[in-house]
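Here are the chains, one letter per residue:
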Amino acid sequence: MTTAVTPNPNVRGPFECAVPRVINARPERLFRAWTDPEKARPWLTNGGDLILQPHVGGLFFLNMVYNEHTYPHYGRYLQVEKDRLLEFTWMSQGTLGKESVVRVTFEPQGERTKVTIVHSGLPDEKNRDEHHGGWTEILEWMEQRLES
Amino acid sequence: MTPAASLDDALYAVADPTRRRIVERLMRGPARVTDLAAPFEMSLNGVSKHLKVLESAGLLARDLQGREHYLRLRPQGLRRIHAWTSRFERFWSAKLDALEAQIDKENEDR
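Those protein sequence lines, which keep their order, are chains A and B.
The opening residue of the first sequence carries number 1 in my numbering; numbering runs sequentially from there.
The opening residue of the second sequence carries number 1 in my numbering; numbering runs sequentially from there.
Note that these hints are calculated values from the structure, not bench results.
Backbone N, C-alpha and C define an ideal beta-carbon position, used for all residues, glycine too.
A couple of the hints might just be wrong.
[To be verified] Over the 10 Å line for every Cβ pair with chain B, so calculated as not near, a few chain A residues: (1) Thr35; (2) Gly48; (3) Leu59; (4) Asp83; (5) Glu99; (6) Pro108.
[To be verified] Lysine-lysine pairs mimicking DSS-like chemistry, simulated, CA-CA at most 30 Å apart: (7) Lys52/B <-> Lys98/A; (8) Lys39/A <-> Lys52/B; (9) Lys39/A <-> Lys82/A.
[Stated by the list, open to error] Short derived list, chain A residues pointing at chain B, Cβ under 7 Å: (10) Cys17; (11) Val19; (12) Arg21; (13) Ile23; (14) Ala25; (15) Pro42; (16) Trp43; (17) Ile117; (18) His119.
Make the full structure from the sequences, and use the hints.
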């Protein structure tokens, strides 16, 4: 089964990266690991505070602990489909304070689940109204050129 | 120019397909503006605008040889973009490592 993916009108910039992973658990368990604060705290924020309101328009807030520093990340949920899809906006120091979009899909593969994170809309104010090639294309292009 | 602003400029510069092709051409070696205009079927003015964007983003340098301006690439600019974007990939990859470790541990404890 593949999750139907519609183009996201909220994406702010033309760049994106995708990180897929097959994990040894069923989608409902992984969905809970993303939406239940007690399950999410250890792996997602490394013990930092977090607020997860997984419904459309709900708040998404993480205090990410890293090297004894705390890095706030916040956004709101754009799409929530139980055990299938989570999509939320994502702002942090890392996105230069601009709004980006994280989409997480859960696809069952037998007893396991393919989790795919697509982080798009990176960055940028100047690109807001332009629609250029995807980030993957640009990244591949640069990797090829930098290696040669 | 702050590092953040210059990164923004560099990302903006390579988001355009024509500018990526210009950069690609310059990876084969320096070229004059006229050399660049011909293959892209563009006016000198059009190419100049693109070059200006690439130049102010720190991706290009100009050398004067006699009366001719030669453009060459400054790969540091591209490397900076690459380092910045791969940060997100590494970040999510590390988070999924942590999630996977947590799930595996729970599986063992069952």
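Verification of the hints:
1. Non-interface status of Thr35/A relative to chain B is upheld: no Cβ of that chain comes within 10 Å, the nearest being about 13 Å off.
2. Every Cβ of chain B is farther than 10 Å from the Cβ of Gly48/A; the closest lies at roughly 13 Å, confirming the non-interface assignment.
3. Non-interface status of Leu59/A relative to chain B is upheld: no Cβ of that chain comes within 10 Å, the nearest being about 19 Å off.
4. Its beta-carbon lying about 15 Å from the closest one in chain B, Asp83/A satisfies the requirement of being farther than 10 Å from that chain.
5. The beta carbon of Glu99/A is kept farther than 10 Å from every beta carbon of chain B, the shortest such distance being approximately 14 Å.
6. Distance check on Pro108/A: its Cβ is at least 15 Å (rounded) from any Cβ of chain B, clearing the 10 Å threshold; non-interface status holds.
7. Straight-line distance between C-alpha atoms of Lys52/B and Lys98/A comes to about 25 Å, which keeps the hinted pair within the 30 Å bound.
8. With a CA separation close to 50 Å, the supplied pair Lys39/A and Lys52/B exceeds the 30 Å bound.
9. A hinted pair counts as satisfied when its Cα atoms are at most 30 Å apart, and Lys39/A with Lys82/A qualifies at roughly 16 Å.
10. For Cys17/A, the suggested interface contact is upheld, since its CB lies about 5 Å from the closest CB of chain B, less than 7 Å.
11. Because the closest C-beta pair between Val19/A and chain B is about 4 Å apart, less than 7 Å, the hint holds.
12. Look at Arg21/A: its Cβ gets to within about 4 Å of chain B, closer than 7 Å, so that hint holds up.
13. A cut of 7 Å between beta carbons decides the hint on Ile23/A: the least distance to chain B is about 5 Å, and the hint holds.
14. Interface hint at Ala25/A: satisfied, since its Cβ lies 5 Å from the closest Cβ of chain B, which is below the 7 Å cut-off.
15. Interface restraint check for Pro42/A: the shortest CB-CB distance to chain B comes to about 6 Å, inside 7 Å, so the restraint holds.
16. Below 7 Å, beta-carbon pairs count as interface contacts, and Trp43/A has one with chain B at about 4 Å; its hint therefore holds.
17. Nearest Cβ of chain B to the Cβ of Ile117/A: about 5 Å, under the 7 Å cut. The hint holds.
18. Restraint check, His119/A versus chain B: the minimum CB separation of about 5 Å is within 7 Å; hint holds.
Hint compliance for this structure: hint 8 is the single one not met.
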